[in-house]
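One-letter residues, chain by chain:
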Amino acid sequence: MPQNSGKNAAPFWISAMPAGLKDFLLEVGDTSRFAGRFFREFLFPPYELREVIRQCFEIGYRSLPLVGLTAFIIGLVLTLQSRPTLVEFGAESWLPAMVGISIIREIGPVIIALICAGKIGSRIGAELGSMKVTEQIDAMEVSGTNPFKYIVVSRIIATTLMIPLLVIIGDAIALYGSFLAVKFKGEVSFTLFFHQVFHSTEFSDFIPAFIKSFFFGFAIGVIGCYKGYNSKKGTEGVGESANSAVVVSSLLIFILDLIAVQITEFFGYI
Amino acid sequence: MEATAQEKTKSGAVREYGEPIIEIAHLQKSFGSNHVLTDFNLSIRRGENVVVLGKSGCGKSVLIKCIVGLLSYDAGSLKVFGKEINQLKQKELDELRARIGFVFQSSALYDSMTVRENLEFPLRRHGKHKSKEEVNRLVEETLENVGLLHAIDLMPVELSGGMRKRIGLARSLILKPEIMLYDEPTTGLDPITAEEISKLMLAMQQKYNTSSIIISHDMHCAQLTANRLAVMIDGINYAQGTFDELKKVTDPKVHAFFLNSH
Chain A
1 MPQNSGKNAA
11 PFWISAMPAG
21 LKDFLLEVGD
31 TSRFAGRFFR
41 EFLFPPYELR
51 EVIRQCFEIG
61 YRSLPLVGLT
71 AFIIGLVLTL
81 QSRPTLVEFG
91 AESWLPAMVG
101 ISIIREIGPV
111 IIALICAGKI
121 GSRIGAELGS
131 MKVTEQIDAM
141 EVSGTNPFKY
151 IVVSRIIATT
161 LMIPLLVIIG
171 DAIALYGSFL
181 AVKFKGEVSF
191 TLFFHQVFHS
201 TEFSDFIPAF
211 IKSFFFGFAI
221 GVIGCYKGYN
231 SKKGTEGVGE
241 SANSAVVVSS
251 LLIFILDLIA
261 VQITEFFGYI
Chain B
1001 MEATAQEKTK
1011 SGAVREYGEP
1021 IIEIAHLQKS
1031 FGSNHVLTDF
1041 NLSIRRGENV
1051 VVLGKSGCGK
1061 SVLIKCIVGL
1071 LSYDAGSLKV
1081 FGKEINQLKQ
1091 KELDELRARI
1101 GFVFQSSALY
1111 DSMTVRENLE
1121 FPLRRHGKHK
1131 SKEEVNRLVE
1141 ETLENVGLLH
1151 AIDLMPVELS
1161 GGMRKRIGLA
1171 RSLILKPEIM
1181 LYDEPTTGLD
1191 PITAEEISKL
1201 MLAMQQKYNT
1211 SSIIISHDMH
1221 CAQLTANRLA
1231 VMIDGINYAQ
1241 GTFDELKKVT
1251 DPKVHAFFLN
1261 SH
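First to last, the sequence lines map onto chains A and B.
For reference, each letter of the first sequence is one residue, going 1 to 270 in our numbering.
For reference, each letter of the second sequence is one residue, going 1001 to 1262 in our numbering.
Some clues are possibly wrong.
[Claimed, not checked] Derived SDA-like pairs: lysine to any residue, alpha-carbon spacing no greater than 20 Å straight-line:
| hint | chain 1 | residue 1 | chain 2 | residue 2 |
| --- | --- | --- | --- | --- |
| 1 | B | K1091 | A | K232 |
| 2 | B | K1091 | A | F44 |
| 3 | A | K149 | B | N1034 |
| 4 | B | K1089 | A | F148 |
| 5 | A | K233 | B | L1070 |
| 6 | A | K119 | B | S1112 |
| 7 | A | K185 | A | Y47 |
| 8 | A | K233 | B | K1176 |
| 9 | A | K149 | B | S1106 |
| 10 | A | K232 | B | Q1090 |
| 11 | A | K149 | B | G1188 |
| 12 | A | K233 | B | N1034 |
| 13 | A | K149 | B | L1149 |
| 14 | A | K149 | B | K1089 |
| 15 | B | K1079 | B | G1162 |
| 16 | B | K1089 | A | N146 |
| 17 | A | K232 | B | G1032 |
| 18 | A | K233 | B | S1106 |
| 19 | B | K1091 | A | F148 |
| 20 | B | K1130 | B | D1111 |
| 21 | A | K233 | B | S1056 |
| 22 | B | K1091 | A | V87 |
| 23 | B | K1089 | A | R37 |
| 24 | B | K1176 | B | L1149 |
| 25 | A | K149 | A | P46 |
| 26 | A | K233 | B | G1057 |
| 27 | A | K149 | A | Y47 |
| 28 | A | K233 | B | E1019 |
| 29 | A | K149 | B | F1031 |
| 30 | A | K149 | B | F1121 |
| 31 | A | K233 | B | L1159 |
| 32 | B | K1079 | B | L1096 |
| 33 | B | K1089 | A | P46 |
| 34 | A | K232 | B | Q1105 |
| 35 | A | K233 | B | Y1110 |
Simulated from the structure, these hints should not be mistaken for lab results.
Computed from a prediction, not measured in an experiment: that's the story for all the values here.
Using the sequences and the accompanying hints, generate a full structural model.
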């Protein structure tokens, strides 16, 4: 009897695929299925509103100090680094506008999303991995709770809602850092600085950046939860989940940013 | 009406058990090429404590995870309260789970919740709408039963191994289940604490009138808690009987479990 009767045999192009590529595609497929399950569970009751609010607090409020400090330093450093070049060309007055557009359009959302991928993604990956290893997820199921809905859906909703909020707050703090840097080097009032920033920016600068930050939040939540929920047994598995949650979600943020730029350009917002 | 079963206790009194509430017949479960349960048979009556003995990794935990529907089985029949587990819808399974308590090997306490919240969780989730006062009363009463009322506001990380086991037991008992499933309840504990936990399990079984399946390879725990033992070898119920009956069995596979017991 032949080893492979042909009915369940993989097509030639799959068999010929290198093992690494096959594993990568399987991982992408599993993650997509996981994200698909999120939408299925998200749409139908019961809704875990209490847990969503708790996660919003844990993810949003507790990330605020780190996001705020990093954003402040970015705004300050970006201004100090850009100033000499603009002074050389006699365009120092363009500094608020240039820094404002850079932060609002690109640097703010991407850097804050990357910081959150590190802080929140690793936290979710490790927490869920640890819950899996210590049978807490099984215990939840035995207690009549859908663990996917209670643990995963609530966290993905929280990251999707909180990252845009953190981006807005982070942008504001970065602009304030930029203002202090300008003020440190020359005479400029708070009103004049922000007038110059908002005079040179339009809604088309805010909206795409705001929309893409929802996708960044969604990506951080899905990857963190997927890695943690599918953690292998043992403490090594938990560490691996946390680590790969950060690496994959950071990479995904860059890929999503690239796609967002193409779409923004297609619609003529650049 | 099902006939009741009788057992003669050590003191000579006759103990009666009720109708069968767990019926396992020709149960099979595999993970890929690893055939864990090959043809497992077991029946447990109301009020009975059965200890399932077996080597580590032989499939004891898989068996109780199948009973509570955490794992689905490949073939055979597994009926709890007369309902075939694999055929239950999610809602029916949740209703059934409210009647079963499960004590996990790792205790599985929720790290992010206090002891009080851990105990409140199953009460809230099984949709038994109770007032706040009633929930508090139940939580305190159950904690008092396991001797840990003073730990009510502690976090799981602040508890010792024995305390975690007790809280895990309390969380499972709070819904007043009819069946208790224990997954290696004394593993990782010192002999004194292990004996305390075994005695507590027995006391709780008498207080709450539960039937139990206890997965263990701790012979002292088995001797203390079991009305009957089942020895799992190669995925089948290789031998069963009371502790004293099995101790006399000369089959080396069964006898090996009793070598160090007194």
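Hint check:
{"no.": "1", "hint": "B/K1091 x A/K232", "verdict": "29 Å, violated"}
{"no.": "2", "hint": "B/K1091 x A/F44", "verdict": "15 Å, holds"}
{"no.": "3", "hint": "A/K149 x B/N1034", "verdict": "31 Å, violated"}
{"no.": "4", "hint": "B/K1089 x A/F148", "verdict": "17 Å, holds"}
{"no.": "5", "hint": "A/K233 x B/L1070", "verdict": "17 Å, holds"}
{"no.": "6", "hint": "A/K119 x B/S1112", "verdict": "18 Å, holds"}
{"no.": "7", "hint": "A/K185 x A/Y47", "verdict": "53 Å, violated"}
{"no.": "8", "hint": "A/K233 x B/K1176", "verdict": "32 Å, violated"}
{"no.": "9", "hint": "A/K149 x B/S1106", "verdict": "23 Å, violated"}
{"no.": "10", "hint": "A/K232 x B/Q1090", "verdict": "26 Å, violated"}
{"no.": "11", "hint": "A/K149 x B/G1188", "verdict": "32 Å, violated"}
{"no.": "12", "hint": "A/K233 x B/N1034", "verdict": "18 Å, holds"}
{"no.": "13", "hint": "A/K149 x B/L1149", "verdict": "32 Å, violated"}
{"no.": "14", "hint": "A/K149 x B/K1089", "verdict": "17 Å, holds"}
{"no.": "15", "hint": "B/K1079 x B/G1162", "verdict": "33 Å, violated"}
{"no.": "16", "hint": "B/K1089 x A/N146", "verdict": "13 Å, holds"}
{"no.": "17", "hint": "A/K232 x B/G1032", "verdict": "17 Å, holds"}
{"no.": "18", "hint": "A/K233 x B/S1106", "verdict": "13 Å, holds"}
{"no.": "19", "hint": "B/K1091 x A/F148", "verdict": "16 Å, holds"}
{"no.": "20", "hint": "B/K1130 x B/D1111", "verdict": "24 Å, violated"}
{"no.": "21", "hint": "A/K233 x B/S1056", "verdict": "16 Å, holds"}
{"no.": "22", "hint": "B/K1091 x A/V87", "verdict": "70 Å, violated"}
{"no.": "23", "hint": "B/K1089 x A/R37", "verdict": "19 Å, holds"}
{"no.": "24", "hint": "B/K1176 x B/L1149", "verdict": "18 Å, holds"}
{"no.": "25", "hint": "A/K149 x A/P46", "verdict": "9 Å, holds"}
{"no.": "26", "hint": "A/K233 x B/G1057", "verdict": "14 Å, holds"}
{"no.": "27", "hint": "A/K149 x A/Y47", "verdict": "8 Å, holds"}
{"no.": "28", "hint": "A/K233 x B/E1019", "verdict": "39 Å, violated"}
{"no.": "29", "hint": "A/K149 x B/F1031", "verdict": "26 Å, violated"}
{"no.": "30", "hint": "A/K149 x B/F1121", "verdict": "15 Å, holds"}
{"no.": "31", "hint": "A/K233 x B/L1159", "verdict": "23 Å, violated"}
{"no.": "32", "hint": "B/K1079 x B/L1096", "verdict": "11 Å, holds"}
{"no.": "33", "hint": "B/K1089 x A/P46", "verdict": "16 Å, holds"}
{"no.": "34", "hint": "A/K232 x B/Q1105", "verdict": "18 Å, holds"}
{"no.": "35", "hint": "A/K233 x B/Y1110", "verdict": "18 Å, holds"}
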